[in-house]
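Protein chains: 2
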Amino acid sequence: MTEPQANPSPSSEDAARDERHKARMVRKKDVVDAKIAAAQDERGVIVITTGNGKGKSSSGFGMVVRALGHGMQAGVVQFIKGAFPSGEEMFLRRFPEQCAFHVMGEGYTWETQDRARDVAKAQAAWEVARGLLRDPAIGLVLLDELNIALKLHYLDVDTVIEDLRARPPMQHVVITGRGAPPALIEAADTVTDMTPVKHAFQQGIKAQRGVEM
Amino acid sequence: MTEPQANPSPSSEDAARDERHKARMVRKKDVVDAKIAAAQDERGVIVITTGNGKGKSSSGFGMVVRALGHGMQAGVVQFIKGAFPSGEEMFLRRFPEQCAFHVMGEGYTWETQDRARDVAKAQAAWEVARGLLRDPAIGLVLLDELNIALKLHYLDVDTVIEDLRARPPMQHVVITGRGAPPALIEAADTVTDMTPVKHAFQQGIKAQRGVEM
Chain A
1 MTEPQANPSP SSEDAARDER HKARMVRKKD VVDAKIAAAQ DERGVIVITT
51 GNGKGKSSSG FGMVVRALGH GMQAGVVQFI KGAFPSGEEM FLRRFPEQCA
101 FHVMGEGYTW ETQDRARDVA KAQAAWEVAR GLLRDPAIGL VLLDELNIAL
151 KLHYLDVDTV IEDLRARPPM QHVVITGRGA PPALIEAADT VTDMTPVKHA
201 FQQGIKAQRG VEM
Chain B
1 MTEPQANPSP SSEDAARDER HKARMVRKKD VVDAKIAAAQ DERGVIVITT
51 GNGKGKSSSG FGMVVRALGH GMQAGVVQFI KGAFPSGEEM FLRRFPEQCA
101 FHVMGEGYTW ETQDRARDVA KAQAAWEVAR GLLRDPAIGL VLLDELNIAL
151 KLHYLDVDTV IEDLRARPPM QHVVITGRGA PPALIEAADT VTDMTPVKHA
201 FQQGIKAQRG VEM
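Chains A and B, in that order, are what the protein sequence lines are.
Take 1 as the starting number for the first sequence in UniProt numbering and just add one per residue.
Take 1 as the starting number for the second sequence in UniProt numbering and just add one per residue.
Incorrect hints may appear among the rest.
For identical chains, the list gives no copy identity; a pair is met inside one copy or between any two copies.
[As the list claims (entries may be wrong)] Within a straight-line C-alpha distance of at most 27 Å, the following computed DSS-like cross-link-like pairs (lysine-lysine) qualify: (1) LYS29 / LYS81; (2) LYS81 / LYS206; (3) LYS121 / LYS29; (4) LYS22 / LYS81; (5) LYS198 / LYS28; (6) LYS81 / LYS28; (7) LYS151 / LYS198; (8) LYS206 / LYS35; (9) LYS151 / LYS29; (10) LYS29 / LYS206; (11) LYS121 / LYS198; (12) LYS121 / LYS206; (13) LYS206 / LYS28.
Honestly, the hints are just simulated from the structure, not real lab data.
Construct all of the structure, not just a fragment, from the sequences and the given hints.
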């Protein structure tokens, strides 16, 4: 077991590198400070995490935890229900006074194989989401896997965008799931595509508690 | 306010579409079931979230919440300390018996402008991380912004990988931050690149509680 050796002993070479580093960081700080000064709007934002990579839902739940840490109220609607309660659900249900947690919908669509039922479940889930989107006491709403319901045309994207636009001005909304429709991306403030580089599942590793579920 | 109209009334066209949907989902279920059957290894995994997009740290914190929900113990080391405690920190510090939370390092490097001090802080943070990586009681370790410390050569990547490999076999590790080095990506099981599509900050919107901090 060796110790980290990033900066073993001071020398003139090190000193010169440190000076270059400092000059670069001073320039970077000026750029960053100017950007921060320019960004002064405060309002609720729509954040979308989409793409085929891992981390879309967990990122949404991380933002819920952030909001709770600031003493905000949060609301969660899960549009796709797993076979078992997720770790996030089990944890966040400990705080019913601060976080409303709704698990709606059915399993993945290839498990249910019944389109009419999936549509009805998605529409019922949207009614619950709409209730949160009309409540100014809720600081952050997570609509987990909403993109999948939109992609499969279980919900009408124009109706969804209309309800998002009508929400309280300071309310943040996080929307997750593969295949976010272009109109929703257009309506959002921040969009990240989670691009898979590699995945444990491809290497024969089972989905595991705490990481995948 | 219109209602969702995804499936307004049954018709022969709808019935045909529902049948095609069902046939497609049956085939998809077979493929998914076969993949799940093939993935039977159970062991701790290394998950990396990197790239320039939003959601890397929040995804890591979402996985911490997952683990806590399953009754696991978790440990967090933040390698970059912000000016103020984050929402995640304020929330997770409520559960000291289940989640060890260590905020180490200094602010962003363009704020400190002192390389030698940054290196010393990063090495002290790694000592704390190593303690968690030797503790079989900890089910999941989040090393938040470790990639930045590696990218800036504040820590030696080979030492880091050696310590990761020596951890308890069932322990999961999540590593976040831009610029994950290739050797670390090679050592990881699951890697996601968070690719920015658009960001509220570019549109003049200030970083806000519950979303950005």
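Up to 27 Å between alpha-carbons, please classify LYS206 paired with LYS35: within, between, both or neither. between (44 Å within a copy, 10 Å between copies)
27 Å Cα threshold - placement of LYS206 relative to LYS29: Classified as between: cross-chain Cα gap 17 Å, same-chain 44 Å, threshold 27 Å.
Regarding LYS81 and LYS28, is the shortest C-alpha distance of 27 Å or less found within a copy, between copies, in both, or in neither? between (45 Å within a copy, 18 Å between copies)
Give the relationship of LYS81 and LYS206 under a CA distance limit of 27 Å: within one copy only, between copies only, both, or neither. Close inside one copy (20 Å), not across copies (34 Å); limit 27 Å.
When Cα atoms must be at most 27 Å apart, do LYS22 and LYS81 count as within-copy, between-copy, both, or neither? between (51 Å within a copy, 19 Å between copies)
Homo-oligomer pair classification [LYS198, LYS151; C-alpha up to 27 Å]: For LYS151 and LYS198, both the intra-copy (24 Å) and inter-copy (20 Å) Cα distances are at most 27 Å.
From the Cα coordinates, with 27 Å as the cut-off, is the pair LYS198 and LYS28 best called within, between, both, or neither? Between. Shortest inter-copy distance 21 Å satisfies the 27 Å Cα cut-off; intra-copy 32 Å does not.
Regarding LYS121 and LYS206, is the shortest C-alpha distance of 27 Å or less found within a copy, between copies, in both, or in neither? Neither: 29 Å inside a copy, 37 Å across copies.
Homomeric proximity label, LYS206 with LYS28: Cα distance no greater than 27 Å: between (43 Å within a copy, 19 Å between copies)
Identical-chain pair category, LYS29 with LYS81, by Cα at 27 Å: This pair counts as between: shortest inter-copy Cα distance 16 Å, intra-copy 45 Å.
Treating 27 Å as the Cα threshold, decide for LYS151 and LYS29: within, between, both or neither. between (42 Å within a copy, 18 Å between copies)
With 27 Å as the alpha-carbon cut-off, assign the pair LYS121 and LYS198 to within, between, both or neither. The answer is neither: 33 Å in one copy and 31 Å across copies each exceed 27 Å.
Checked against the numbered hints above, the structure violates hints 11, 12; every other hint is satisfied.
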